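Chemist: Given these sequences and hints, build the entire structure.
Order-wise, the sequence lines are chains A and B.
Mapping the first sequence onto the working numbering, position 159 (from 1) lands on 1474, and the numbers just tick up by one.
Mapping the second sequence onto the working numbering, position 298 (from 1) lands on 529, and the numbers just tick up by one.
It should be emphasised that the hints constitute simulated quantities derived from the structure, not laboratory data.
Quantities reported herein were computed from a predicted structural model and do not represent experimental measurements.
There could be a bad hint or two in this list.
[Unchecked claim] With a straight-line cut-off of 20 angstroms between C-alpha atoms, the simulated PhoX-like cross-links for lysine-lysine are:
1) A:Lys1426 / B:Lys412
2) B:Lys427 / A:Lys1387
3) A:Lys1460 / B:Lys412
[Stated by the list, open to error] To be clear about the criterion: a stretch of chain A counts as covered by chain B if any three or more of its residues have a C-beta under 8 angstroms from a C-beta of chain B, and this derived list gives those stretches:
4) 1334 to 1343
5) 1385 to 1392
6) 1430 to 1442
Here a beta-carbon is modelled for each residue, glycine too, at the ideal position from N, C-alpha and C.
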Amino acid sequence: MLKLEGINRIFNETTPDEKIALDNINLDLKTGDFVTVIGSNGAGKSTMMNMISGALSPDFGTVEIDRKNVTKYPEYKRSHLIGRVFQDPMAGTAPTMTVEENLAIAYSRNKRRGLRIGVDKKRREFFRESLESLHLNLENRLTAKVGLLSGGERQALSLLMATFTKPSILLLDEHTAALDPSRAELITNLTKQLVEKDNLTTLMVTHNMQQALDLGNRLIMMDKGQIILEVDPEAKKDLTIADLMDAFQRIRGEKLVSDRTLLSV
Amino acid sequence: MFTAIFGSVEQGIIYAIMALGVYLTFRVLDFPDLTVDGSFVTGAATAATLIVLGYHPALATAAATVAGFLAGCMTGILHTKAKINPLLSGILMMIALYSINLRIMGATTETAIGRPNVPLSNVDSLFTIFFGWWGNLGIDTAINNVLISIGIENVPKTWGTFFIMIIVTFAIKIIFDRFLKTEVGLAIRATGDNDKMIRSFSANTDTLIILGLGISNALVALSGALIAQYTKFADVSMGIGMIVIGLASVIIGEAILGTKTIVRTTLAVIVGAIIYRIVIAIALRVEFLDTGDMKLITALIVVVALILPKFFEKRKERARKAKRRAERTLTSEQEAKQLA
Ligand SMILES: Nc1ncnc2c1ncn2[C@@H]1O[C@H](COP(=O)(O)OP(=O)(O)OP(=O)(O)O)[C@@H](O)[C@H]1O
Ligand SMILES: [Mg+2]
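Modeler: Structure, rendered in C-alpha cells:
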C-alpha cells in the first residue's frame, strides 16, 4: 500500500544550519495498517509525513503508493489518494467559507472539478448525514463560516473532510495536540471510529504515549531522522510505556529525555 | 445636474464590470493584481481597432474579452511558474501591455506601427446598434414626459444605455456569483483563503491562480471595450489608475453593504462603482477642481473609505462600553440603596 525506500533529506545543506532531517527511512504499510509514530521534537516525524504527502521531496529515495512510484508527483496529484489532518486547527479548512462549502471541496478530492454547483441538494443531505456522526451538532450549522468554529469543532470537521472520500492513506500529524484534554479525547475517539469504519491505512504522529499504545496495530519510534524501533502487531498488544522507555535506553544508550511531551500519559 | 449624475450612473454600471474583476483578484484570490491598468486599455484598444477595421462590434467586444483573459493568464504564469512576486508580476505585465496596446491600435494605420488612440465617432458600436432598436420602442419619450411633468427640465437623450447596461452587468453578476459556487469556483476561493489546505485536497493552485487572473482581466477588458464604445474612443492612457478606481469601488461598496455573502458583496461592488462615479461627478462641479485632479480625488476617496468603517466601528464600541458602564453604576447604586 505505502512503501518508503531509502528516504533521505538534509535541510540547508552546506550551511552552518545543516540538519539531517531524515536518514535512510524504510517503511512498508499494508492495507488497513494503523501505525502510530512517536519520537522527540525534531526527530523528523513531520518531515516524513510531508515526504509521503508530497509537500516536500526527498534528496533521494522513493515513495510508492499502491505499487506506483509517486516520488516525482507534486502534492496536488498525490492528494487524490491521501487524506491529511494537520496539527494546527486553522490549517485544514478554509475559514471564510461555510461548513458545507468546505465539505464540498473535500468531496471533490478524487474527482475532476468542473462547473457543477459544489453544494447541491443531494450533496447537502449527504454532508448533513456525515456530520451527524460527529455528534457536535454541526449538521445544523451547514452555512456557518468555518472561521467561527472552535478549534475542536474544526479539527473534527478536518478529520471528516480527510476521511469521507475513503483515501488510500490517512496522515494525522499530532492532530489532537492543540486541543484541551476533553476535546482531544473526543477527536481521538472519532479518529478510531472513522478509521475502523473504512479500514483506512493510517499513519498517526502523537506525543501521547498512551494514545500511541491504545490506537493502531503497529508502532514506530523515531529519533534523529531514523526509525529506531518498529513494533509489530503481535508485540504491540502487550506493550507498555515502560517497555518503550527501556527500548529507547537500550538502543540509544541514553535515558529517554523527559521532555514535556514524550512522558505525557 | 440631473444629466451629469445620470451620465455618471451609466458609466458606473459599465465600470462595475471592471470592479467585479478587481474584486475577484483582490478579495477572492487575495492577489493584488496591477495588470488591470493595462488590460483595461487592451480591451478598449482591441474592440476599437477591430470595429474600425470593419468587424462586427459584438465580435470585436468578444475578442477584447479574450485578449484580457490572455493578459491575465500571462500575469498568473509569471507568478506561478516564474515565481515572481504578485505585485511585480502585475506591474511587469501592465508595462508590457502599454507597448502592446500601442501596437494593437497601430493595426488601424497603413504602416501598422504604434498609435496612441482610435476614435470611433463615425462607426457603429454595440450601443448605436442597440439604439436603432430601442429608439422605436418609445420608452425614452414616455419616461422623459414623466420627468418633465414633475419639473425636471434637462432630461437625458436616451435611457437605452442605462437599461441595457443594468441588464448586462447584472447578468454578469449572476453568472459570476454562480461560478464562485461551482466546484472550480470553490477551489479558487479556497486558494485565496488557505492554499495549503486546497492543495491537500488535490487542487492545482497554480492553475487556479492563472484561471482566476484570466477571468478577472477578461472582465476588466470587457469593461474597457464597452467604455471605448460608450465614449467613442480608445486611448492608450485611459487605464491609468484603473486599479485604484476598481479598489475604490470594492471598498466603498463593502463599507456600505457589507460582505456577508458573495451575492451581497458583488452587489456591493456594483453599487460602489456607481457611487464612486457620482462622487467624482459632484467633485468635478466644484469651482476650483479640474479633470486633472480626478486621480487625487480618487486616492482621497479610497483613503476615506478605508478609514471611515473603522472610525464608525470604534465609535459604536465606545458607545456600547459607556452604556454598559452606566448600567453597572446604576445596579450597584441600587444594591447600595437596598443595603442601606
Ligand atoms: N523546511 C525546513 N527547513 C529547515 N529545517 C527544517 C525544515 N523542516 C524541518 N526542519 C528541521 O528538520 C528537523 C525535523 O523536523 P520535523 O518537523 O520533521 O520534526 P518532528 O519530529 O515533527 O518534531 P515535532 O515533534 O517538534 O513536531 C528539525 O530539526 C527541524 O528543525
Ligand atoms: Mg512535527
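Chemist: Are the hints correct? Go through all of them and say.
Modeler: Hints, one by one, checked against the model:
{"no.": "1", "hint": "A:Lys1426 / B:Lys412", "result": "holds (17 angstroms)"}
{"no.": "2", "hint": "B:Lys427 / A:Lys1387", "result": "holds (19 angstroms)"}
{"no.": "3", "hint": "A:Lys1460 / B:Lys412", "result": "holds (15 angstroms)"}
{"no.": "4", "hint": "1334 to 1343", "result": "violated (count 0)"}
{"no.": "5", "hint": "1385 to 1392", "result": "holds (count 4)"}
{"no.": "6", "hint": "1430 to 1442", "result": "holds (count 5)"}
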